[in-house]
Amino acid sequence: MAKPKVAFYWCASCGGCEEAIVDLAEDILKVVEAVDIVFWPVAMDFKKKDVEAMEDGEIALAFINGAIRTDEQKEMVELLRRKSGLVVAFGSCAHPGGIPGLGNFHTRESILERTYRTTQSTVNPGEVLPRTVTEIDDIQLTLPKFWNTVHTLDQVIDVDYYLPGCAPPTDLIMDAVTAVLEGNLPEKGAVLAPSKTLCDTCPRSDSKPEMLRIKDLKRPQEILADPEKCFLEEGLICLGLATRSGCGERCINANMPCRGCFGPVDGAHDFGAKALSAIASLIEVDDEENTSIDEIQELLRTIADPAGLFYMYSLPSSELRRSR
Amino acid sequence: MSEKPKIIVFCCNWSVYPGLQLSQLPPSAVDDSGVEYIITMCSGRVSPELVVEAFANGAWGVMVTGCPPGECDHEGNYNMRRRMTLLINTLEQLNICPERIALDWFSASEAAKLEKAVNKLTKKITEFGPINSAVEQG
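Chains L and E, in that order, are what the protein sequence lines are.
For any residue, its number in our numbering is found by taking its place in the first sequence, counting from 1, and adding 2.
Anchor point for the second sequence: position 136 equals 134 in our numbering, and the numbering is continuous, going up by one each time.
Keep in mind the hints are simulated off the structure, nothing from the lab.
Just so you know, even glycine gets a beta-carbon here, dropped at the ideal spot from N, CA and C.
Some hints here could point you the wrong way.
Stated by the list, open to error - For each label pair, taking beta carbons as the anchor points, the in silico distance ranges come out as: (1) E:E73 to L:M258: 28 to 34 angstroms; (2) L:T109 to E:K114: 36 to 42 angstroms; (3) L:K32 to E:C95: 53 to 59 angstroms; (4) E:N11 to L:V24: 53 to 59 angstroms.
Said to hold, decoys possible - Below are the SDA-like pairs computed for lysine to any residue, each with C-alpha atoms no more than 20 angstroms apart in a straight line: (5) L:K217 to E:E73; (6) L:K76 to E:Q135; (7) L:K76 to E:A132; (8) L:K220 to L:L311.
Stated by the list, open to error - Which stretches of chain L does chain E cover? Using the computed rule of at least three CB atoms under 8 angstroms from a CB of chain E, they are: (9) 18 to 32; (10) 269 to 275; (11) 278 to 284; (12) 288 to 297; (13) 305 to 314.
Take the sequences, apply the hints, and build the full model.
Here it is, written out as structure tokens:
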């Protein structure tokens, strides 16, 4: 029997998800034993025309990482969708939007202006900005259109499953591949990770007091965090209480609080709103009855860049999706 | 502008809402002014997610009402105030003007004060107009 065909593709991402595949180490041999990799631009020499030549649905499974922010990315994921039986949104950028999704605080114009004109390191005497079509003599050069808004993968094509994480941990990748090979898949649309929050599985949860309240808000660079203690108890904002678990607590074990790369748990629609609600609920205010709204505001202003913090990995998938 | 402002007012079922209902509200809880009242069991149950959803679905402004300090049995009003303040700061970075979210305290008997506050918010929001909804591909 022919081996199932698998494709990997990347869109607006950093390449860390590709690294995650390589991080499978010896396990990647098990993967290539069981499947035929038919498309993987970062590692193998297949072209777009090779994919176009395939029958619709011929690829069993496409892992697509990265958010969608250009016409080219849209064209490629639409092609892969047509040729693939299953599409998995691989990693934070494809799933809730990821770090490239922070581009939605800005507009196309402001991003191009900053990148091509005003950064300290820019040397652009002709003030040239990227254009979709450039005529040189008789030659027409084209570039894909850069979108005003970063989209998640499922805002552009139909997605079957989500593999969360920045980047997804190797155990979840292997579980996903095994589930596909064995035909042991959950309901369409499922996130292939536990449905608990990170707080539930956090190695520091034993140190969490019964009644957790945050008195003094601090930022990670301001204190040396106790490697045993709950971050929230120390006044550091940790988003583990709103974030899906399954990451292997990599940040926690590196003594850094969670920033939500695994996205929300089932049933939550807007990760940032959920996370900020949980944090605001924990903040302790002395004599709250006699505290004015201005004093509350002053206290909460100590949370710098709240939108960047609470929507760090999820702005494109949030209800508002971008700045207005 | 011919379009009417859409305003969502969250009201606690156990304080100001019953009085408001007696004073003026038609049975559908929706009148033709574009103001819609949503009844909750406590202001502490108004999750920031609901407010964001209201804006994403075309609301021009949102008012969240709570019992005055010391009057909520569950201290939900304090939770609401902290959550909404943090939400206001967050949405400000997404260019949702802080004045589009109104927070205020109302006792059970203060339906008239609430009506006045809603009218004031409506007037202000009408000047602001709708939130830019463009989230296009391309």
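query: Against the structure shown, which of the earlier numbered hints fail to hold, in ascending order?
result: Of the numbered hints, just 9 does not hold.
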